[in-house]
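*Asks:* Sequence:
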Amino acid sequence: MNLVTLRDEMKKRRQQLTKEVWRRCSEQVSHHLFKTDFYQNSHKIACYFSCHNELNTELILNDIFFKNKSCYLPKIFPNNKMGFVAYQPEDTLQKNQFGILEPTDKGQDIIKINQLDLVLAPLVAFDKQGNRLGMGKGYYDKALANKAKKPFYCGLAYAFQQVEWIEARVWDVRLQAAITEKEVVIFI
Numbered sequence: 001m002n003l004v005t006l007r008d009e010m011k012k013r014r015q016q017l018t019k020e021v022w023r024r025c026s027e028q029v030s031h032h033l034f035k036t037d038f039y040q041n042s043h044k045i046a047c048y049f050s051c052h053n054e055l056n057t058e059l060i061l062n063d064i065f066f067k068n069k070s071c072y073l074p075k076i077f078p079n080n081k082m083g084f085v086a087y088q089p090e091d092t093l094q095k096n097q098f099g100i101l102e103p104t105d106k107g108q109d110i111i112k113i114n115q116l117d118l119v120l121a122p123l124v125a126f127d128k129q130g131n132r133l134g135m136g137k138g139y140y141d142k143a144l145a146n147k148a149k150k151p152f153y154c155g156l157a158y159a160f161q162q163v164e165w166i167e168a169r170v171w172d173v174r175l176q177a178a179i180t181e182k183e184v185v186i187f188i
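In this text, residue positions in the sequence shown follow the working numbering: the first is 1, and each later residue adds one.
Bear in mind the hints are in silico, worked out from the structure with no lab data behind them.
Source: prediction; values computed, not measured.
Don't take each hint at face value.
[Said to hold, decoys possible] Straight line, CA to CA, 20 angstroms or less: simulated PhoX-like cross-link-like pairs of lysine-lysine:
1. Lys81 x Lys137
2. Lys35 x Lys81
3. Lys67 x Lys35
4. Lys149 x Lys112
5. Lys112 x Lys75
6. Lys75 x Lys95
7. Lys69 x Lys44
8. Lys69 x Lys35
9. Lys81 x Lys147
10. Lys44 x Lys112
11. Lys150 x Lys112
12. Lys69 x Lys150
13. Lys95 x Lys67
14. Lys69 x Lys81
[What the hints assert, rightly or not] FRET-style restraints, in silico, Cβ to Cβ:
15. Leu93 x Trp165: 17 to 25 angstroms
16. Gly99 x Leu59: 18 to 26 angstroms
17. Pro78 x Ile186: 34 to 42 angstroms
18. Gln16 x Gly99: 33 to 41 angstroms
19. Glu90 x Thr5: 41 to 49 angstroms
20. Pro89 x Thr5: 37 to 45 angstroms
21. Asn96 x Trp171: 16 to 24 angstroms
22. Lys142 x Val4: 17 to 25 angstroms
23. Trp165 x Met135: 31 to 39 angstroms
24. Val4 x Gln129: 17 to 25 angstroms
25. Ile110 x Leu17: 12 to 20 angstroms
26. Phe34 x Lys112: 37 to 45 angstroms
27. Thr5 x Leu93: 31 to 39 angstroms
Built from N, CA and C at the ideal position, the CB exists for glycine as well.
Kindly generate the complete structure, drawing on both the sequences and the hints.
*Replies:* Written out as structure tokens, the structure reads:
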């Protein structure tokens with residue numbers, strides 16, 4: 001299956017989930033994450049606000065703050081690059097051109113990618129080798145590319161989003177783990 005068809009099919013399946021399934025799966029993924037060593041040992045964590053029926057990250061964001069970890073959110077800049085900006089619950093957010101909540105332009109503390117311990121990424125699909133299919137703009141791949149020291153890279157997904165194989169392109173950055181409502185999959 002080509003990437004465009006796979007992306008469309010997975011987005012459609014995700015949109016068809018009931019609110020109850022979305023809530024239950026989001027809770028299960030969050031609880032699986034909290035038990036992992038890579039989460040427990042991380043202090044600087046990049047997360048995101050979910051949209052379009054992605055797994056709800058609210059429990060994760062709350063836990064980051066409860067445990068006094070530092071939280072960073074992705075932000076798309078005018079040069080069409082993505083960076084990670086420090087975030088506190090009282091900060092003002094706005095929707096970007098894709099409808100995703102991100103910090104406003106005031107007082108941004110942008111962290112270098114190699115200073116992060118963990119990057120939690122949304123996805124549309126992933127395969128058994130850790131290849132991740134995102135929304136198609138390559139923001140996470142570009143942000144993580146060519147870094148000598150990379151943070152631990154984990155995708156948050158529904159179990160149905162795991163497929164046998166995704167055609168990897170040379171610029172794709174593989175996940176080191178993916179967490180679904182059923183399991184934690186480690187690729188390294």
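*Asks:* Does Lys137 sit within 20 angstroms of Lys81, going by the straight-line distance between their CA atoms?
*Replies:* Holds, at about 10 angstroms.
*Asks:* For the pair supplied as a hint, Lys150 and Lys112, is the alpha-carbon distance within the 20 angstroms limit?
*Replies:* holds, 10 angstroms
*Asks:* Per the hint of 33 to 41 angstroms, is the separation of the Cβ atoms of Gln16 and Gly99 within bounds?
*Replies:* violated, 19 angstroms
*Asks:* Within 31 to 39 angstroms or not, the Cβ separation of Trp165 and Met135?
*Replies:* violated, 20 angstroms
*Asks:* Is 41 to 49 angstroms respected by the C-beta to C-beta distance linking Glu90 and Thr5?
*Replies:* holds, 42 angstroms
*Asks:* Does the Cβ-Cβ separation between Leu93 and Trp165 fall within 17 to 25 angstroms?
*Replies:* Violated, at about 36 angstroms.
*Asks:* Is the hinted pair Lys149 and Lys112 satisfied, with a Cα-Cα distance of at most 20 angstroms?
*Replies:* Roughly 11 angstroms separates the two Cα atoms, so the pair holds.
*Asks:* Do the alpha carbons of Lys67 and Lys35 lie within 20 angstroms of each other, as the hint requires?
*Replies:* Cα-Cα ~13 angstroms, so holds.
*Asks:* Next pair to validate is Lys35 with Lys81; report whether the Cα-Cα distance is within 20 angstroms.
*Replies:* violated, 32 angstroms
*Asks:* How does the Cβ-Cβ distance of Phe34 and Lys112 compare with 37 to 45 angstroms: does it lie in that range?
*Replies:* violated, 26 angstroms
*Asks:* Are Lys112 and Lys75 close enough, with their CA atoms no more than 20 angstroms apart?
*Replies:* holds, 13 angstroms
*Asks:* Go ahead and decide if the range 17 to 25 angstroms is satisfied by the Cβ distance of Val4 to Gln129.
*Replies:* Taking Cβ atoms as reference, Val4 and Gln129 lie about 20 angstroms apart, which means the hint holds.
When the structure is compared with the earlier hints, violations turn up for hints 2, 13, 14, 15, 18, 23, 25 and 26 and for no others.
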